[in-house]
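Spelled out, the chains give:
Protein chains: 2
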Amino acid sequence: MDYIKRILVGKPLKSGTGDDHKLSKFAALAMLSSDALSSVAYGTEQIVLVLVTLSTAAIWYSLPIALAVLVLLISLTLSYRQIIHAYPQGGGAYVVSSQNLGKNFGLIAGSSLLIDYMLTVAVSVSAGSEAITSAIPELYGHQVAISVIIVLVLMLMNLRGLRESASFLMFPVYCFIGVTALLIVVGVVKILIGQAPFHATSAVGQAIPGVSVALLLRSFSSGSASLTGVEAISNAVPFFKKPRAKNAAATLAMMSIILGCFFCGITFLNYWYGIVPEEKVTVLSQVASHVFGKNILYILFQFATAMILAVAANTGFSAFPMLSFNLAKDKYMPHMYMERGDRLGYSNGIITLAFGAIVLLFIFQGSTERLIPLYSIGVFIPFALSQSGMVRHWNKQGGVWFVKAIPNIIGAIISYAIIIILFVFRMADIWPFFIIMPILLYVFYAIHKHYISVAEQLRLRDEIQEHEFSGNTVVVLVGNVTQVDIGAINYARSIGDHVIAMHVATDENKSKEEEIKQEFSRHFPDIRLSVVHSSYRSIVGPVVRYVDLVSKNARKHNFTTTVLVPQFVPNRRWQAVLHNQTSLRIRYYLSWREHIVVANYSYHLKK
Amino acid sequence: MDYIKRILVGKPLKSGTGDDHKLSKFAALAMLSSDALSSVAYGTEQIVLVLVTLSTAAIWYSLPIALAVLVLLISLTLSYRQIIHAYPQGGGAYVVSSQNLGKNFGLIAGSSLLIDYMLTVAVSVSAGSEAITSAIPELYGHQVAISVIIVLVLMLMNLRGLRESASFLMFPVYCFIGVTALLIVVGVVKILIGQAPFHATSAVGQAIPGVSVALLLRSFSSGSASLTGVEAISNAVPFFKKPRAKNAAATLAMMSIILGCFFCGITFLNYWYGIVPEEKVTVLSQVASHVFGKNILYILFQFATAMILAVAANTGFSAFPMLSFNLAKDKYMPHMYMERGDRLGYSNGIITLAFGAIVLLFIFQGSTERLIPLYSIGVFIPFALSQSGMVRHWNKQGGVWFVKAIPNIIGAIISYAIIIILFVFRMADIWPFFIIMPILLYVFYAIHKHYISVAEQLRLRDEIQEHEFSGNTVVVLVGNVTQVDIGAINYARSIGDHVIAMHVATDENKSKEEEIKQEFSRHFPDIRLSVVHSSYRSIVGPVVRYVDLVSKNARKHNFTTTVLVPQFVPNRRWQAVLHNQTSLRIRYYLSWREHIVVANYSYHLKK
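Sequences listed follow chains A and B, in order.
Residues 0 to 606 (numbering that gives the first Met the number 0) make up the first sequence, in order.
Residues 0 to 606 (numbering that gives the first Met the number 0) make up the second sequence, in order.
Do not rely on the hints blindly, as some may be mistaken.
For identical chains, the list gives no copy identity; a pair is met inside one copy or between any two copies.
In silico DSSO-like cross-links for lysine-lysine, where the CA-CA straight-line distance does not exceed 27 Å [as the list claims (entries may be wrong)]:
hint, residue 1, residue 2
1, Lys293, Lys24
2, Lys605, Lys555
3, Lys403, Lys21
4, Lys395, Lys448
5, Lys102, Lys606
6, Lys516, Lys330
7, Lys403, Lys245
8, Lys24, Lys240
9, Lys606, Lys555
10, Lys509, Lys245
11, Lys606, Lys328
12, Lys555, Lys279
The set of hints was computed from the structure by calculation and includes no laboratory data.
If you're wondering where the values come from, they're calculated on a predicted model, not measured in any experiment.
Working from the sequences, and respecting the hints, build out all of it.
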């Protein structure tokens with residue numbers, strides 16, 4: 000086990016080494032913008048998929064919708080720049096909402112984000128495997144399996160630690176940026192030189208019968224999923240090299256410009272080439288094969304898309320453990336999310352995220368389209384809350400607060416608008432969110448209450464009552480009479496003033512019981528062996544009842560009670576599964592009893 | 000947990016109550032023949048599926064092949080009657096082969112059967128869900144999910160105990176016998192009164208170009224899968240009411256007659272009505288809808304088929320745990336397979352079987368057709384071995400042994416012939432069997448060797464060296480200084496001559512370390528607190544190293560070493576996941592160290 004872990008996870012790192020793991024702008028763009036940039040892999044498709052439910056002629060509406068998404072992007076970018084400067088220590092929605100709107104809103108943002116990060120992983124890897132199956136039709140039908148494998152690989156990489164991943168991840172991101180830029184340039188040049196005739200399903204502005212505001216808003220809400228991930232940089236300011244806020248803000252601006260260009264460019268090419276969504280090939284893949292032709296460039300493009308989506312999934316792997324660490328530190332999640340693993344990553348968070356994402360992939364059968372509405376609601380609730388929190392933040396600072404707050408006010412209004420749109424037009428897809436989130440909130444509060452109550456109960460009062468016991472009763476559990484018992488009884492004699500041996504006999508084998516009694520008294524003539532009968536084959540029940548009785552008696556005489564469970568330790572670890580099941584169970588159940596100390600004597604086999 | 004288990008599994012039963020759980024012939028037919036009888040649900044289809052790879056005209060060959068299967072059935076029935084009389088204590092292939100051919104052959108039979116029972120469950124439930132999806136096309140595509148649910152339900156029923164299941168299971172078996180008899184009678188009557196015109200794809204005897212011996216043998220080998228399950232009764236003789244052997248033999252005869260009639264009848268109707276296998280509807284379902292029409296009788300028939308297949312899967316659930324018990328008793332499988340659960344079932348065997356069957360269902364995507372060849376080889380290897388064993392058995396008895404051995408000799412020859420056919424013509428399907436079986440054999444021998452070696456090492460020599468220790472060193476692990484530590488240190492003082500407290504400090508929080516030192520010395524001024532530093536955040540490593548050092552020192556002075564790990568027990572069990580992860584891990588790793596007793600002090604929270 001330990002050996003396998005070493006190979007997969009790597010050597011433990013010293014705690015002090017944490018400080019070198021800081022990101023340059025160049026590395027940060029790779030590490031933190033992949034989520035946002037990779038959205039272009041499915042953003043246009045999600046808009047068009049809604050429009051074609053009416054007719055393929057309606058695809059021209061994707062152009063004005065893309066412009067609306069662009070406006071949204073600009074306003075969110077401006078408001079997140081504000082957050083970066085106001086919270087250089089990392090202004091995730093949880094922190095900003097908690098500090099400015101109170102714990103309740105903070106936890107709503109936090110629980111939304113926990114779900115959302117799982118969705119980030121699920122959506123990204125499912126879109127990634129769709130990119131793969133678009134290029135290699137033979138793999139179609141295995142998207143779920145491909146996705147699960149990607150998640151597991153990401154999990155292992157993250158258990159190995161942050162910086163190693165980052166340097167590793169820069170290549171795919173810059174590769175994607177390169178080939179996508181090339182795609183748009185080649186696509187536009189071909190149009191300009193007349194090599195790509197106008198092929199759109201309808202002219203811009205053509206009246207389409209049956210177009211409704213509802214349809215356009217649904218389509219817009221799907222398209223807004225492209226903006227998931229713009230918050231990533233503002234959460235991760237502490238990971239930047241100094242000056243942190245400045246570097247982070249510059250990286251955010253760079254990312255938004257690239258994202259805006261890509262998104263609009265692809266939507267335009269998609270319209271011009273008249274591409275209609277197909278079941279087995281993604282829209283982006285169709286665009287690429289139209290522009291490049293089915294050659295090596297196309298394959299490279301699909302590969303880069305799949306890679307950046309995998310990297311985007313990785314964003315979840317840095318954000319989720321960080322958030323669960325913060326929630327655990329505030330006693331809303333179990334303490335184990337605070338433990339750092341051998342490689343400085345928060346291992347439990349990483350594993351929980353991978354597990355959650357895999358469950359989502361199975362439930363939604365790896366369908367990006369079905370995951371997107373949930374993803375959007377999970378993103379825009381914390382968006383809205385952190386923008387509201389920022390408005391409050393400026394307001395508290397007083398002065399000309401309103402000027403500073405303008406980008407955040409606009410951001411908040413737009414986010415609330417999208418939430419309302421999702422609520423009104425996508426309820427059929429997003430309802431599970433409103434079941435899971437309250438449950439998470441309830442659990443958070445229950446855990447919090449529990450931790451507070453435990454801390455209260457454990458706190459030492461100033462006067463401590465020392466207690467001197469008059470002696471010790473030791474109960475040694477005996478199965479068959481073996482070598483193990485010699486050492487166990489020697490030990491029991493050394494700590495105990497009163498040693499009792501105990502054997503549980505099942506009704507099925509009377510002769511064996513007699514045999515054990517005789518053998519025991521032959522070897523240990525001075526120790527009483529109590530034989531307890533069990534009619535239910537259960538060993539644990541009778542042991543617990545008997546020990547409780549002994550302990551009651553012992554307390555009367557101011558004695559302690561120790562139950563000594565002998566076991567033997569085989570020479571190789573795997574052999575342990577062949578033994579000791581019963582003693583494990585006994586120890587487990589006895590550890591719940593009061594006034595009983597359970598001790599474990601190990602006899603080591605040599606062969 | 001315990002509460003949920005009570006609801007699902009039921010109240011514990013006393014060991015003595017085991018004896019009432021005996022089967023009458025009527026109940027035994029339901030309990031033990033379902034595996035064999037249910038084979039008619041897929042037997043004909045498996046024959047025809049091979050034939051139509053040539054052409055649909057070849058279907059007429061299913062008639063002579065069915066006759067060959069019938070001959071096989073008769074000979075196996077006769078030879079298993081011999082086994083019942085020779086082994087009234089239950090003559091499974093494992094027992095018969097071990098006793099007559101030696102341990103090696105016994106284990107080959109045993110490991111084949113373990114795999115085979117998993118296949119019984121997998122094949123039966125997958126055929127069952129195909130019966131369901133044939134009748135309800137809306138469910139098509141969800142066979143795996145349906146199968147897994149059936150397996151889980153069966154597992155729970157079996158964890159509840161044998162007899163309850165049996166009475167519950169009689170209805171579906173007799174219901175299936177009733178409706179299938181009706182199907183054949185109605186089908187034949189319709190033919191006789193001319194309502195069902197001859198519709199076969201070709202006349203019997205018509206020459207089909209391209210027919211080869213290989214094809215016919217492949218088809219025959221698939222059809223012989225219908226005979227899986229005829230051994231079930233001979234394994235279960237001890238479960239019968241007295242006179243056991245006689246009742247068992249009568250039940251076996253009854254079962255074989257019913258099976259033979261059904262199998263031939265359905266194959267004939269299938270031929271006459273000219274039914275060709277379809278992807279989404281089973282052959283049997285097509286026969287039923289031709290004979291009955293698509294009415295309530297048809298639905299009832301499909302339902303009865305699905306039900307008896309579920310009951311057939313249940314055969315595996317009585318056979319597998321019994322076999323694994325026998326293998327565990329002979330020290331070839333882990334001892335835990337000998338433990339009876341609260342309801343007298345061998346719970347670990349039941350759970351292992353369910354798990355294995357579910358894995359098979361996922362691997363083979365619930366396809367009966369792909370599971371069948373593996374199933375056949377898994378069945379006929381133990382068939383052949385137990386028949387060979389019987390020949391040897393009679394031979395050892397001497398006298399006119401040859402007369403008694405005749406049915407077994409014929410049975411053995413046929414079984415070997417089928418194995419050779421499978422080997423030559425189905426290798427592409429059955430190769431996994433020849434990988435898994437040797438691995439199982441290897442594991443059996445490894446386990447055996449280990450148990451023997453352990454027993455040897457643990458055996459008490461006659462002279463026992465008692466050892467008197469001079470005193471006890473107790474190391475108390477301290478995290479934060481809390482209420483828990485008061486009780487722990489009081490206890491440590493009572494058993495220890497030398498008490499040391501130990502705290503592991505991580506490098507990240509220096510001020511906390513100072514705080515703990517001060518608080519500890521204020522409350523426990525007379526006890527030394529050793530602070531050990533950890534650069535790797537791991538608590539376990541430093542604790543183990545320090546304790547090893549203490550123990551080495553203690554042994555020099557002839558002292559024992561006890562490590563006391565304090566923990567607090569929360570008021571509700573689920574809360575335990577929020578605490579004590581570290582102390583659990585420390586206890587686990589320390590329990591592997593020699594010369595150290597690990598003791599667990601529990602402080603109970605009241606709220």
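List of violated hint numbers, smallest to largest: Failing hints, ascending: 1, 3, 4, 10 and 12.
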